[in-house]
Amino acid sequence: MQISVRNRIWSSAPYLLLAISVVPVLVGYFWLLISSFSTRTEGLLPVGGLTLKNWSFLRETPFGRGYPSIWRVTLNTFLIAAFMTVVVVLVSSLAGYALSRLNFPGRRQFLSLTLILHAFPSVTLLIGIFFVLRTLNLYNTIVGVGLVMVGFEMPFGIWLMKGFFDNVSWDMERAALIDGASRLQVWWQIIIPTLKPGIAALAIFAFVSGWNAWLIPKTFTIGAGQQATLSVYLQNFQGDTVAVDWGAVTAVGLFQLIPVALFFIFTQDLLLSIYAGGAKGGA
Amino acid sequence: MDLKLSTERGGNQTPSPVEVSNPASIVGRLRSKLGAYGFMAPAVVLIVLFFFIPVIILFILSFSELKSANFGTLQWWLPANWSLDNYFRIFNDSFFSKFLGNTLFYVLTTLALFNFGSALAIALLTTHINRRAGFIFRLMWLLPRLTPSVIYILMWRRIASRLPHGILNQFLVPLGLGTGDDLLQTMPWVFVIVVNGLIGASFGLVIFTSAIEAIPRDFLKASKVDGASTLQTIRFVILPMIRWPILFVLTYQTLSLLTSFEQILLLTGGGPGLFKTEVWALRAYHLALSTESGNTQWGYGAAWAVVLVVIGVVAAIIYMRVFKFDELVQEPKIDLL
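Those sequence lines, one after another, are chains V and C.
For what it's worth, my numbering labels the leading residue of the first sequence as 4, then goes sequentially.
For what it's worth, my numbering labels the leading residue of the second sequence as -7, then goes sequentially.
Since the hints were made in silico from the structure, they are not lab data.
Since the structure is predicted, the reported quantities are computational estimates derived from the model, not experimental observations.
Note that the Cβ used here is the ideal one computed from N, Cα and C, for glycine as well.
Be a bit skeptical, because a hint or two may be false.
[To be verified] Partner residues aside, some chain C positions facing chain V, computed with beta carbon under 8 angstroms:
hint, residue
1, Ile114
2, His157
3, Ala273
4, Ala294
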């Protein structure tokens, strides 16, 4: 009897510890949800009743005139994320294929180099990129921001795709080559279709990092203007100087979380396998 | 030839005896090389544009005196305007020891408590319990990394905020702990470390988990049969078997933390007061890229950043030697056409 009680405590202890460990983040999410439907909150409790007016940003700008509407900002964010997804997947799978299958001078050096670049401090690159973007006339443009973010994902994308290609048996590919198909045909018609799960993982990763990004858009655009992304927009309205409309800020935040939450719920296995390796220069 | 083609992955490459295209044809070879470079070209352009050129610009800037006041007039790219003054200035900075101390404290504490400590603890716990439950807890630990940083920090600011809004103070003050003031003002380091640590831990967590799951079940059974307690199994079986992943996570996360600053910028902005939580990378960012001060010092900021570049490159070379990344760059399977 004694032993079984002790056993039960001992076997539930890991669950208890793990449950405690995830409390802070869950509390944060819970507050975000409550606050977006409340007049205001104290702790985790709504004060002054529940309301839907925080969500009026969907119809009109909540932060006053002179700021772009939420739909413009959402479109910007979507364009950057979609651009990033397409370009990262395309360019990494081209380069990954060559690095996995072809031998050419510079291959080894290129692979070692991208490995170093993946661990490269992002602040050091941002300073130089400021001048690159100004020279290319891309400072304060969505295209410029998108390109920089694509560039930063390159080392990770290339290594990931090379790994996928390495694991594909090349019997079919060789047969096709002998039959006279070109490399490009083989790449597109034979290998890419077998790599759909891997490509989906990279695409999701690229989309979410583009959708969430704050530092790069913030550094290379000016304030919450026409070029703003959701993160920049949101950050702009919680400064210390102006009175913050927490209800509206949390509602916009929740709005931004919708696609991320969908990926989180529906692609769990992919996420856990890809996310640990992907952060560049972050904590 | 078939044997070689289907089994050999890298290693010593002897030229294939048979090539599908005519081996003597120079044109054919040239075409194959051109094909490879065609596949590589877009990636190379992006890497040159956003890694190579910026690093070169960074080094040049660090020798110049470029700042808001002479932006547009100073020809910073001319060697005539270069000097090492910025590097001397770093060491004479009146807050130099503060920035250095902050950085070391931040990196070591976060690494020990979270990026390594929590990562290992959560990996051991989630592989110990029911498989499905363990998976869900790991997924929860992934949330901070998946959440947009602005929203993640928004939550933490509210958790730390003063009464009556602050979530944590709602519980602390009735217990007689603290004064109900903004906790980011009274204990900023605690929050900087927790906020970054919860993001950073998921990296080690995923790596440790797959390493632990790769340990053959027989080893764990054997140690159970021999009467080892759970802690003894961890100490004498699991930890020795995952020592390489441990070493990898430790070194990789040291560099990651050293160069991270986005969350600190959002959470405390380096404050409160004069540089209370300002770390090296944030200092470089503030000097060279922050537009708020109105006095952007590209040259001086670049010198702070160059120090990080040097550390990053040295660390990367160490990874390559210690973890034999050379083996990852083995020769490709086929190169016939």
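Here is how each hint holds up against the structure:
| no. | hint | in the structure |
| --- | --- | --- |
| 1 | Ile114 | 7 angstroms, holds |
| 2 | His157 | 6 angstroms, holds |
| 3 | Ala273 | 5 angstroms, holds |
| 4 | Ala294 | 6 angstroms, holds |
Of the numbered hints given earlier, the model fails none.
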